[in-house]
Amino acid sequence: MDDRTKTKDELIRELRALRAEVAALKQNTSAGDSPINFPLLHSVIDNYSSILATRTQLLTVKKKKIENDTWQQDLKKRQQLEQEVIQREQLFTGFFNAATQSNVGLFILDTNLRFLHINQTLAEINGYSIEFHLGKFLPDLLPELGPTLTLLLQNLIETGQPISNFEVSGYLPSQPGVLRHWLDSFFPIFSPAGEIIALGGMVLEISHYKQAIEALRQSEFNLRTAQRIASVGSWHWDCATNSVSWSEEMYQIHGCDPNQPPPQGKELEPYIHPDDFAHYQQLTDRALAGYSFEVDLRIVRPDGEIRYIEARGEPGVFNDKGELLHLSGTVLDVTARKRVELALRQSEFALREAQRIASVGSWQWQQEEEKISWSEEIYRIHGLDPNSPVPDMEKMNKYIHPDDLEIHQAMRDASIKGEAYEYDLRIIRPDGEVRYVEARAKPGTFNERGELIGLFGTLLDVTERKRVEAQLRQSEANLARAQKIAHIGSWEYDIASQTCTWSEELYRIHQLDPSLPAPVGEEMDRLIHPDDLWINQQLKEASFLGRPSCVDMRIVRQDGEVRHIEVRGEPVFNPQGQITSWVGTVMDITEQHKLERLKSEFVSVVSHELRTPLTSMQVALSLLDQQLVDPTSEDGQGMIHVAAEGVDRLVRLVNDILDLERLNSGKVGIEKQLCYPANLVQSAIDQMKDLANQYNIKFEVSVVPCTIRADPDRLIQVLTNLLSNAIRFSPEHSIIKIHVETFHETSLHDLLPATFIKFMVMDRGRGIPSEQLESIFERFEQVDASDFRKKGGTGLGLAICRSIIQQHGGRIWAESSLGKGSSLYFTLPILEGGRDGKETHPIN
Amino acid sequence: MAKKRILLIDDEPGIRQVIPVAFRVIASWEALVADSCQAGIAIAEAEQPDAILLDVMMPEMDGITAFGLMQVNPAIKSIPTILLTAKAQASDRQRFAQLAIAGVITKPFKAPDLVKQIRLILNWND
Chain A
55 MDDRTKTKDE LIRELRALRA EVAALKQNTS AGDSPINFPL LHSVIDNYSS
105 ILATRTQLLT VKKKKIENDT WQQDLKKRQQ LEQEVIQREQ LFTGFFNAAT
155 QSNVGLFILD TNLRFLHINQ TLAEINGYSI EFHLGKFLPD LLPELGPTLT
205 LLLQNLIETG QPISNFEVSG YLPSQPGVLR HWLDSFFPIF SPAGEIIALG
255 GMVLEISHYK QAIEALRQSE FNLRTAQRIA SVGSWHWDCA TNSVSWSEEM
305 YQIHGCDPNQ PPPQGKELEP YIHPDDFAHY QQLTDRALAG YSFEVDLRIV
355 RPDGEIRYIE ARGEPGVFND KGELLHLSGT VLDVTARKRV ELALRQSEFA
405 LREAQRIASV GSWQWQQEEE KISWSEEIYR IHGLDPNSPV PDMEKMNKYI
455 HPDDLEIHQA MRDASIKGEA YEYDLRIIRP DGEVRYVEAR AKPGTFNERG
505 ELIGLFGTLL DVTERKRVEA QLRQSEANLA RAQKIAHIGS WEYDIASQTC
555 TWSEELYRIH QLDPSLPAPV GEEMDRLIHP DDLWINQQLK EASFLGRPSC
605 VDMRIVRQDG EVRHIEVRGE PVFNPQGQIT SWVGTVMDIT EQHKLERLKS
655 EFVSVVSHEL RTPLTSMQVA LSLLDQQLVD PTSEDGQGMI HVAAEGVDRL
705 VRLVNDILDL ERLNSGKVGI EKQLCYPANL VQSAIDQMKD LANQYNIKFE
755 VSVVPCTIRA DPDRLIQVLT NLLSNAIRFS PEHSIIKIHV ETFHETSLHD
805 LLPATFIKFM VMDRGRGIPS EQLESIFERF EQVDASDFRK KGGTGLGLAI
855 CRSIIQQHGG RIWAESSLGK GSSLYFTLPI LEGGRDGKET HPIN
Chain L
9 MAKKRILLID DEPGIRQVIP VAFRVIASWE ALVADSCQAG IAIAEAEQPD
59 AILLDVMMPE MDGITAFGLM QVNPAIKSIP TILLTAKAQA SDRQRFAQLA
109 IAGVITKPFK APDLVKQIRL ILNWND
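Chains as they are written, first to last, in this note's numbering: chain A, 55 to 898; chain L, 9 to 134.
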């Protein structure tokens with residue numbers, strides 16, 4: 055059939071058949087075959103619309119040909135038209151290729167949605183070759199997108215309305231599982247008769263754009279979230295438009311409605327705290343000059359609330375001409391931080407003040423800081439500048455008292471182990487002042503691996519306390535010493551706790567262990583002499599009545615010794631007038647009691663010794679005086695003799711009493727001079743010669759030659775006393791030995807070696823019981839007073855001897871064997887190297 | 009009436025010398041003397057005197073101890089005993105008052121006064 059005789063429909067059908075044929079052929083050919091091998095065919099298919107138009111022209115020409123019937127002319131015309139078609143096909147192909155180069159996908163479908171043409175870009179998007187597309191149904195090739203596109207395109211076929219910039223998203227065989235996005239435009243292709251003969255389309259892949267948009271959106275979302283979480287707002291000022299934009303958080307920070315535009319220019323002024331406004335303006339100027347800034351400001355919200363912000367500005371951005379283009383910055387709401395900082399500052403101030411007032415400093419060590427930090431007060435305690443660094447170990451040692459370095463080392467050792475400690479030690483300030491401190495540390499903190507990560511400790515200045523304690527200790531020691539000297543103990547009984555506290559001296563008086571609690575109740579009663587328990591009862595009753603009381607009673611010590619005590623007590627009242635405790639003293643008056651007893655006994659003895667001769671004398675003299683007895687008679691003579699002896703005896707007694715009293719009171723001085731013991735002994739013997747002869751007693755004398763410094767009269771008095779006693783108690787015809795020798799001994803006076811002279815008078819008398827060897831030197835303590843009186847003694851001789859010897863720096867004692875005799879000794883320091891015994895001088 | 013016999017126990021020789029003379033010349037009493045308590049108790053048992061003058065302060069055994077012994081001695085416990093003492097202190101007097109003694113005569117004294125006091129204490133009207 056001749057083309058010129060074909061109708062349009064016939065041509066179309068022919069073209070379709072041809073297209074299908076080509077597609078089949080393409081499919082059967084190798085992949086490397088290029089459509090360029092079929093340029094005409096391709097052009098026909100691809101430039102369908104142009105071809106249709108050309109065909110229409112050809113038909114018109116054919117009609118004319120038939121009409122004019124001039125074949126040659128027609129052929130020439132036809133060749134011209136074909137050439138025109140080829141040019142159009144080339145243009146069409148060029149357009150498709152150019153679209154490919156611009157990454158724009160193009161396609162043409164027939165009304166059955168079979169691909170008639172597709173460019174390389176779209177073919178690659180779909181994941182098939184161009185040839186593979188041709189003749190295939192779109193829903194078959196793109197199963198994921200098929201339903202959507204089919205619907206769209208059928209709608210287009212029905213309505214004839216193009217679809218522009220329709221965003222399609224979905225999955226393609228080229229990248230299974232990857233969501234991709236395209237911007238599609240579809241349009242109908244009409245025949246000259248206005249019939250839709252094909253569908254064209256343009257596809258622009260926007261996956262990357264969409265991803266970028268999504269990323270940007272996510273980024274903005276993140277930024278908003280971050281700003282909200284961090285309370286950071288951001289702002290931007292554009293110089294060209296002189297406008298400010300705020301981030302959402304900026305509105306939040308300023309308490310403004312985010313739907314309103316942000317305040318511009320001077321509108322922002324009311325938002326700044328008046329006190330910070332000048333500062334704000336300075337910053338604004340600085341920002342406009344292009345400098346960055348960072349500052350803390352206060353802002354005022356519309357509701358009046360004051361907030362703290364930390365505003366930061368980036369350096370401005372300028373153009374080539376140096377003109378400012380825009381500024382941006384951030385605002386951080388630091389109100390919470392500021393409040394915490396303020397609270398912390400107040401807390402730190404309070405802590406600092408508290409530490410200063412309490413003289414307590416604190417220190418801490420944190421592993422991450424790798425250093426020790428001191429509070430201000432620790433510096434003050436150490437007398438150091440608070441701005442100076444914490445002294446290192448070596449320097450620190452200089453600030454510790456040398457005697458307390460071991461303690462300091464122990465503190466360090468404990469710190470290294472993270473152990474708690476509490477030590478008292480002394481520190482030395484740079485000016486040399488020694489202070490007492492109490493150093494404490496709590497147990498360290500450790501991490502989960504058991505490593506020490508933190509230490510905290512305190513330092514308390516206890517100097518004043520130590521001073522007070524020392525004073526108190528001194529005072530207590532003084533009191534204890536005073537109590538000890540005075541034999542006065544003190545006690546306090548607390549009614550509430552029913553406990554008693556005793557002073558050390560009170561324990562000593564009772565000879566109890568001071569570490570034991572003070573006895574109360576029955577325990578106390580057991581310490582009291584059973585016969586005096588009633589006195590203690592009286593004391594208790596007086597105490598309950600709130601009356602001060604003072605009683606004397608006896609106590610019995612653990613070893614059975616009875617002591618006399620004077621107990622005083624008085625109640626202590628609280629402000630309500632109730633008795634809360636009793637306090638009092640206990641004085642050991644045993645010695646005083648003994649003295650009083652001795653005094654009483656002395657008076658009694660003196661009384662006896664005086665009255666006894668007086669009685670004889672008075673009876674005798676009264677008989678004579680009243681002429682009841684004739685003085686010349688034998689009775690009368692006896693009376694006179696008794697009276698005379700009595701007088702002698704009284705004179706001796708009175709002399710001895712006065713002598714002893716003068717010696718003991720120091721009213722008679724010892725007048726020392728150089729003398730020879732041999733001479734002294736001889737003088738004494740001379741005085742006693744008559745008495746000795748009376749009893750036929752002889753002396754055996756042995757005296758070492760030496761010199762002493764002594765009062766010769768007083769020593770002769772001692773010797774005659776001893777000889778007199780020896781004579782009186784020796785049996786007749788016996789021998790009294792007098793022996794004088796020297797010996798060396800440590801002086802009790804100055805604890806230096808010294809030479810002494812020792813006198814001994816030994817008799818063969820009946821001896822002295824051992825229990826009386828000491829007491830015979832007491833007044834009126836003769837072994838046998840009646841014997842003594844018989845022998846003319848007064849009972850005061852040995853007491854006088856002891857006083858004289860003691861005043862010469864010597865001592866006197868007796869040794870005896872009952873029935874065999876007694877030896878009386880006395881020693882004196884001997885003159886040697888200019889040293890001498892103690893001298894005494896009379897007191898006027 | 010038989011002559012009164014009084015036992016004087018005193019360690020003081022002067023006393024033992026003058027009191028018997030006083031008794032004899034003033035009251036015609038006979039004095040028995042002893043220089044110690046032990047000797048005195050023996051004499052009292054043997055001689056059964058009408059009264060005993062007992063010195064308080066004596067060596068070896070004092071008058072108070074001796075009086076205690078006499079009180080438990082049936083032979084002599086009924087003999088009135090007068091203490092002679094040079095102790096004039098109140099405490100001594102209180103001590104003596106607790107004893108079952110006839111009386112106390114304080115030294116010193118004149119001879120006639122001694123006799124008077126004995127008569128008074130012992131209610132003698134000789």
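Any given hint might turn out to be false.
Stated by the list, open to error - For each label pair, taking beta carbons as the anchor points, the in silico distance ranges come out as: (1) E53(L) <-> K648(A): 50 to 60 Å; (2) G76(L) <-> L581(A): 42 to 52 Å; (3) R13(L) <-> K648(A): 52 to 62 Å.
Unchecked claim - Chain L is nowhere near these chain A residues, computed Cβ spacing over 10 Å in every case: (4) K190; (5) P328; (6) R366; (7) H541; (8) D585; (9) S658; (10) S676; (11) Q680; (12) P685; (13) D713.
Source of the hints: derived by calculation from the structure; they are not laboratory data.
From the three backbone atoms N, C-alpha and C, an ideal C-beta is built for every residue, glycine too.
Now for the hints, and whether the structure bears them out:
In this structure the supplied range 50 to 60 Å is violated for E53(L) paired with K648(A), their Cβ-Cβ distance being about 40 Å. A hinted range of 42 to 52 Å for the beta carbons of G76(L) and L581(A) is inconsistent with their spacing of about 33 Å. At about 44 Å, the CB distance of R13(L) to K648(A) disagrees with the hint of 52 to 62 Å. Taking the minimum C-beta to C-beta distance to chain L, about 155 Å, the non-interface status of K190(A) holds against the 10 Å cut.
At the 10 Å boundary, the C-beta of P328(A) stays outside the reach of chain L, the nearest C-beta of that chain being 103 Å off. Every CB of chain L lies more than 10 Å from the CB of R366(A), the least distance being 109 Å, so the non-interface label holds. The beta carbon of H541(A) sits about 25 Å from the closest Cβ of chain L, which is more than 10 Å, so the claim that it is off the interface holds. The claim that D585(A) is not at the interface with chain L holds, since no C-beta of that chain comes within 10 Å of its own (minimum 17 Å).
For S658(A), the condition that its CB be more than 10 Å from all CB atoms of chain L is violated, with the nearest at approximately 5 Å. Here S676(A) does not stay apart from chain L, with its beta-carbon only about 4 Å from theirs, under the 10 Å limit. Look at Q680(A): its CB is around 7 Å from the nearest CB on chain L, not clear of 10 Å, so calling it non-interface is violated. For P685(A), the condition that its CB be more than 10 Å from all CB atoms of chain L holds, with the nearest at approximately 12 Å.
Listed as outside the interface, D713(A) is consistent with that label: its C-beta sits roughly 22 Å from the nearest C-beta of chain L, beyond the 10 Å cut-off.
Checked against the numbered hints above, the structure violates hints 1, 2, 3, 9, 10 and 11; every other hint is satisfied.
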